[in-house]
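Enquirer: Just so you know, the protein sequences line up as chains C and B, in that order.
Taken in order, the first sequence gives residues 1 to 169; the numbers are from the working numbering.
Taken in order, the second sequence gives residues 1001 to 1406; the numbers are from the working numbering.
Keep in mind that the hints were calculated from the coordinates and are not lab data.
Do not take every clue at face value.
Each pair of labels, with its calculated beta carbon distance range [unchecked claim]:
| # | chain 1 | residue 1 | chain 2 | residue 2 | range |
| --- | --- | --- | --- | --- | --- |
| 1 | C | Gln-30 | B | Arg-1251 | 24 to 30 Å |
| 2 | B | Thr-1101 | C | Gly-103 | 44 to 50 Å |
| 3 | B | Gly-1310 | C | Pro-160 | 37 to 43 Å |
Cβ coordinates follow ideal geometry from the N, Cα and C atoms, glycine included.
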Amino acid sequence: MPQPVTYRGMALIVPDNDSEWKEYFAHARQHRLMLRACKACGLMRYPPTHACPWCMDLGWTWKEVSGRGTIYSYEVVHHAIQPGFKDATPYGVVLVELDEQRGQPTADEGLRIIGNLVKPDGVSFEDDTQVAIGKRVRVVFQDLAEHMALVQFALSDEAPPGHVWRLPE
Amino acid sequence: MATKTLRDKYCIVGVGETEYSRGSGRTTRAMAVEAVRKAILDAGLRASDVDGMLDYQGGDSTFAPHVAPDLGIRLNFYMDVVGGGSSTEALVGLAMGAIETGMCNTVAIYRSMNGYSEFRIGGTGARAAQPVRGMDLAQVPFGMRSAGQTFAFTFMRHMHEYGTTSEQVAHVKVAHSKHASQNPKAVQKERVTVQDVVGSRWIVKPLHLLDCCLETDNATCLIVTSAERARDLRARPIYVMGVAGRVSKPRVDFHWAHGPISRVAGYYAKDIVFGQAGIRPEDVHVTGSYDAFTFTTMLQLEEYGFCKKGEGGAYVSSGIIELGGKRPNNTSGGHLCEGYTHGMSMVIENVRQLRGTVDDTCPGAAEGKHTHDYSVGKCRQVKDAEITMNLGWAMPATGSALIMRR
Chain C
1 MPQPVTYRGM ALIVPDNDSE WKEYFAHARQ HRLMLRACKA CGLMRYPPTH ACPWCMDLGW
61 TWKEVSGRGT IYSYEVVHHA IQPGFKDATP YGVVLVELDE QRGQPTADEG LRIIGNLVKP
121 DGVSFEDDTQ VAIGKRVRVV FQDLAEHMAL VQFALSDEAP PGHVWRLPE
Chain B
1001 MATKTLRDKY CIVGVGETEY SRGSGRTTRA MAVEAVRKAI LDAGLRASDV DGMLDYQGGD
1061 STFAPHVAPD LGIRLNFYMD VVGGGSSTEA LVGLAMGAIE TGMCNTVAIY RSMNGYSEFR
1121 IGGTGARAAQ PVRGMDLAQV PFGMRSAGQT FAFTFMRHMH EYGTTSEQVA HVKVAHSKHA
1181 SQNPKAVQKE RVTVQDVVGS RWIVKPLHLL DCCLETDNAT CLIVTSAERA RDLRARPIYV
1241 MGVAGRVSKP RVDFHWAHGP ISRVAGYYAK DIVFGQAGIR PEDVHVTGSY DAFTFTTMLQ
1301 LEEYGFCKKG EGGAYVSSGI IELGGKRPNN TSGGHLCEGY THGMSMVIEN VRQLRGTVDD
1361 TCPGAAEGKH THDYSVGKCR QVKDAEITMN LGWAMPATGS ALIMRR
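Just chain C, same shape as in the assembly:
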């Protein structure tokens, strides 16, 4: 696999022996959001790790999810410390809770993934005033190289299931 992939001035390094991430990013490049599901108990997990945090089993398979979810929390970065993000401020970072496996195996659990809130093109950052807890989002893929895409999220046209909240101005 060619190394490294450069994105916003960062060298993203996913070597052939990266047994957590390599296939995850390759699936993303095929525009599929695939998570690891435990062969024993069936529960999915993120990030892609080598044991089930619920039953400790080592067996897993990749399972595709819809990429639809709700913003669980967010932040807006005004003072970037990474040089490649300085021209992007203010930008929103979102914690998305996916529709699959919400409230399992306990009421407080869910599959949560970090991304930027981006426009439907998957590349440019959405206006930071659009970021809010409770808004519905869908996955979009930002192609970076032949073998790698970032998983990002864009606002969906679905009605929010509950209260939408953002930090008062």
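With chain C's structure known, arrange chain B on it following the hints.
Expert: Frame of chain C, contents of chain B only:
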């Protein structure tokens, strides 16, 4: 199951620190040597009395095998630990364990960092652009790297769930700035208002500039030994009643992955530390809740039970945490105002509170004579402080705690 405890069997007998600066002009080795020496002298010990050493760092400091021999200390035990905030309390517990097993008798614990002039938190410039690999790929490519950026989800969700406001947590900075105005060592001595905090520029919403702690160059040291040994020493022994070290949420690396993210590690730590000490939150006179940000102080105070979950905003804005209030927090000014040391300064301050010898400008401070006049530039000694509690914060997922008494 009954909690195992070593309550009152170990003491902190010496404290020492260098000045806080934004440019020490010297090595972390030189600063560590100064802080350890001061703590040994404060305890009334000699170099030959110290035979254990612990330190913590993140690739930004000098290891014990260099610091000890520089002072003529021959070690029977040492360990250099990777860590930042929440290390101090954990290492007090490890020092007690090392002495309890007979590996050594007296342990110096230090933190030395050029946190302003050499290694800034989160990294800047070339360090902020270093290659991203492994589990960092879950966060860093999205412009989420600094401590504030990593913790902000927790604060934002807390505001959403409980109605906590920026104005409420600004009171933490207000209180700590009041305390710092009575601390000759503090880097930032000016008292600020709620309006100053919420009017300062955004760093990462919901954090303003003045919600964030300082960055400074400094070294700090504590000396731990047995209660029997402590009785013969110069300073009044300060007894460890309970300690919890690096208690964590289900995922240490990704606090946001499991459970309610507005919950922090104190949720798990409180039963351990209060169980050992045999006391309740209302028995504590002074707290040292880690203030990497205004929010971290608030989140921990509520999680450890100083108020109900979700009521931290009301608690920190009620006046309780200010000098003159019922239970002052970070009476030195803490990391928001005094200087940044990854937590040890807050334990040092509480040791001095319990001794009654806080280093304010009261003429008789060294002899424990204080005016308790909390106006600018005056006293910061809490009257009759008998029990203190430090709440160390590494991140939402990990924390440590230490209860001490005089």
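Enquirer: All hints, please: hold or fail.
Expert: Hint check:
1. For Gln-30 (chain C) paired with Arg-1251 (chain B), a C-beta distance near 28 Å keeps the hint of 24 to 30 Å intact.
2. Against the hinted window of 44 to 50 Å, the Cβ-Cβ separation of Thr-1101 (chain B) and Gly-103 (chain C) comes to about 45 Å, which satisfies the hint.
3. Between Gly-1310 (chain B) and Pro-160 (chain C), the C-beta spacing of about 23 Å breaks the proposed range 37 to 43 Å.
Taken one by one, the earlier hints fail for this structure only at number 3.
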